[in-house]
Amino acid sequence: MLVLLLGCATPVDSGVDSAACADPAVTWDGWGQGFFVTWCGACHSATTPDRRGAPPGLDFDTWEEVQAHRDEIERSVLTEASMPVGGGLAADDLTQLQALLACGEGGDGTTSTAQLPSPALDATGIEAAAATAFAGGVPLATDYWSVYLELVLGHSDGMCPAGGLGAPYAIHAPMVGCTTEDGWYFSGLTLRETTEDADGWSEWMLGDGWAHDLEDHRLVFGGEIEWGADTSGAHPWQTVDGTWGWEAGEGWLAEVPSVSLATEADLATGVVTVTGGWTTGGESVFLDGVDFAPRADDAPSHGTLSVRDPGGAWYTVPLREDGSGCGPATYADGTALGEVCFDTAPLAASLAGIVP
Amino acid sequence: MILLLFAACATGDSAAPAPGSALAPLPDERLARRMSLDLRGVLPTNTELDALAAGDTTVNGLRDAFLDDPRFEERLVQLLGQAWRTQVDEFLVNYYEYAAYAARPDAEYPFERGVGEEPLRLAARVAASDAPWPEILTADWSMADEWTGPLWPTDYPAGGTGWQVVHYTDGRPAAGILATNGLWWRYFSTVSNFNRGRTAAIARLLLCEDYVARNVSVVGFASETDTTDVEDNLRTNPYCLGCHSSLDPMATALFGFWPANEYSLDEIESYHPEREPLGPVLLDVEPAFYGQPFDGLPGLASLIAQDPRFGACAAETFAGLLWRRPVTLEDRAEVDDATAAYDADPRLKPVLRALTDGERYRAGAFTSAADDATLTREQVVRMLDAPLLASALEDLTGLDWTWTGFSQLRNDTWGYRLLGGGVDGFYQTRSQSIPGMTWLLVERRAAESAAAWAADHELRGTDTPVLFTAVTVDDSPGSEAFRAQLTLLSHRLYGEAPDDAWIADVEALWGATAPSTDAATAWETTLAALLQDPRFTSY
Chain A
1 MLVLLLGCAT PVDSGVDSAA CADPAVTWDG WGQGFFVTWC GACHSATTPD
51 RRGAPPGLDF DTWEEVQAHR DEIERSVLTE ASMPVGGGLA ADDLTQLQAL
101 LACGEGGDGT TSTAQLPSPA LDATGIEAAA ATAFAGGVPL ATDYWSVYLE
151 LVLGHSDGMC PAGGLGAPYA IHAPMVGCTT EDGWYFSGLT LRETTEDADG
201 WSEWMLGDGW AHDLEDHRLV FGGEIEWGAD TSGAHPWQTV DGTWGWEAGE
251 GWLAEVPSVS LATEADLATG VVTVTGGWTT GGESVFLDGV DFAPRADDAP
301 SHGTLSVRDP GGAWYTVPLR EDGSGCGPAT YADGTALGEV CFDTAPLAAS
351 LAGIVP
Chain B
357 MILLLFAACA TGDSAAPAPG SALAPLPDER LARRMSLDLR GVLPTNTELD
407 ALAAGDTTVN GLRDAFLDDP RFEERLVQLL GQAWRTQVDE FLVNYYEYAA
457 YAARPDAEYP FERGVGEEPL RLAARVAASD APWPEILTAD WSMADEWTGP
507 LWPTDYPAGG TGWQVVHYTD GRPAAGILAT NGLWWRYFST VSNFNRGRTA
557 AIARLLLCED YVARNVSVVG FASETDTTDV EDNLRTNPYC LGCHSSLDPM
607 ATALFGFWPA NEYSLDEIES YHPEREPLGP VLLDVEPAFY GQPFDGLPGL
657 ASLIAQDPRF GACAAETFAG LLWRRPVTLE DRAEVDDATA AYDADPRLKP
707 VLRALTDGER YRAGAFTSAA DDATLTREQV VRMLDAPLLA SALEDLTGLD
757 WTWTGFSQLR NDTWGYRLLG GGVDGFYQTR SQSIPGMTWL LVERRAAESA
807 AAWAADHELR GTDTPVLFTA VTVDDSPGSE AFRAQLTLLS HRLYGEAPDD
857 AWIADVEALW GATAPSTDAA TAWETTLAAL LQDPRFTSY
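Which chain is which? The protein sequence lines are A and B, in order. Counted from 1, the first sequence has number 234 at position 234 by this note's numbering; the numbering is strictly sequential. Counted from 1, the second sequence has number 843 at position 487 by this note's numbering; the numbering is strictly sequential.
Treat the hints as calculated values from the structure; they're not laboratory data. Honestly, I wouldn't trust all of these hints.
What the hints assert, rightly or not - Beta-carbon label-pair distances, calculated as ranges:
no. : chain 1 : residue 1 : chain 2 : residue 2 : range
1   : B       : 517       : A       : 67        : 42 to 52 Å
2   : A       : 297       : B       : 506       : 40 to 50 Å
3   : B       : 640       : A       : 231       : 39 to 49 Å
4   : A       : 217       : B       : 427       : 38 to 48 Å
Glycine included, each C-beta is placed from N, C-alpha and C at the ideal position.
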């Protein structure tokens, strides 16, 4: 007992009972920092992007800060159990916290900073990466659908894949796969649904599978695609999520890209807004509300275009409103890389079919 | 009966306990045996034990050699598999969805382990090569074998076999195990779960923070719920925020692994770089790790790697694995020692050295000072579970117990892993600590098979003997050779010197079998019995 009391680093001057001292002592470095980071850091830290209403300046990033607010912490956590928000502390945590507050030992803790790979591309490199990704045009659900229809109708023998494309427009091949009379191989399924309601109409297809022809070209259906329009027909839209493509096809289809993308058109103005991204030819782009006017073949004049660095972080380019297709590029760590200009003609061309 | 035998072991021969301690350490030879099983998955050899007895090495000398043994890496895969629980027998997609395996039922087991062991093998490679442990979060490489490497977007060499270092070619960032298919096939999140489940797995495996185990009041939740919009609740309701204020900002980092259809092979085997920016949008939060902002998966991985909880969690995880029991607050001092070893030298071997130096690891019996809590908590006798039995018997006799491609003691689809006390990764998350009926049956069958295998190959066949090195089929009880063989077996199987009574018993058993059969069969019967001795099946 004597040893335990001697072990107390700070004299006990609050209501926290000295009997709570533990052997070995509970330290900031060994336990305290981890506890406060885990349970409080999301709201009570100087760096958090969202305090969720936690009082400004009431942070527990260091042992000094915790000591400065010892009484409040003791009251809110140990006495009133009003913190952490939502509760959830285990009895062991409360025991340890009590020991830390009563007679815990300090320490410097550790400070850490998120690391980011340094940027691998310059302005020209960013333009080149985007050009690769743009080459096949914007992945559109309707592009895929027409190819899919042709290939499945052209090769299904009724037994493989089963279901055909009659209502409800689903095909089903066993997950172990089946081979059609003409030698195509199908595995997996698609489901399809047509909806018409007060908001308009839509066609939806879910895919979980793939097929290949005699030369091993793959037709891939993995994810969901959907397209439709409002009741007036003036605002056609499409979404593509997943991996879709046909290796022997044209444009973006041949790349079998990974996609997560939505397009929305306004036929009156002829503007198509694209939000989302895709990966083709090893390059990834992400468009945030980028407006195209394919009818006028204008370069986009609104929105943000991002290009991915091979290391995994992104370059962001807010497009100038002057229709130049240019803007200042910034790397994720804030490094400015100067003016970047995109050749978006292949994108505009691929969208032209949407706005006749 | 078995229970009694185990209990008897617990109070048996032991080295002198520290004064006043509730735990007495195992004698050196038994301790070396425990270390060899824990760190290599095999029994120590007679040569190693002889060196120990002769004073040519120490227990710690052997321990350090075990840590440098090539089998350490494989053993780590099995050990860590119990904590990370990725050696499961089922994933969202099945082996037969790959055309290459569609007509190959024998591909099921190796394919499933090929998937599930990817993160384990990455970590084991880092540890075995003595690289800094944080490399499991920063490596730009992974591991694949011939069952997954050629099918997934990796640079696995054409025509290659076995586990090899590979690089993914789908643009995924360098983030060690956090960028492996294996981890995320095991810990998938549904499309609408937005990677939160996976984030909880990161916190549990790497920080030892178990969100699911949090003691959150659901009663309060009901009254606080003023809207039916779940996503909205997660951002405003205090009962949700308790977890989601830290969980969601972390989950933003994983959207490259967010499939549009979690059953589609193309979707789940490849990374999707273009979806990375969706995290903050869909979760409606800025990326942060417990309040610290980051950018992308490498950013998150770097923060975890620097976090003090990461090293402490490695210490706690391996303490639980080596002690074969949950770690509690009472264990703090020993876990702190292991954490300190990590802080001084952030590699895994120093952590394992610190843990295997500890009193809890070395305990082989209770002393009269043990109170009820200690008696309940400590696991002074450990049981060979099915996978450990498999590797020990393989090494001892050469038996690789496999049926149509399924390793019989390492899976449950067609095998006895669970029945034999192992971890299946879904329902059983800690290996069994006391013997049960099914364990007994599995152990018996394995002992019989291993004995038959050894007799077939070494006594009936012409293989170079590895077990029956001192006798031939012409030797009989009472001879010097017979006694020498039994002495070797006693050390090798039990880590103990034989006494005369035991030798007489074994000779009697052999002598009762031989007349009606032959010497090889008598040895087979005898070995099967020796392998069912609790001194063999415990450690």
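Hints not upheld, ascending by number: 1 and 3
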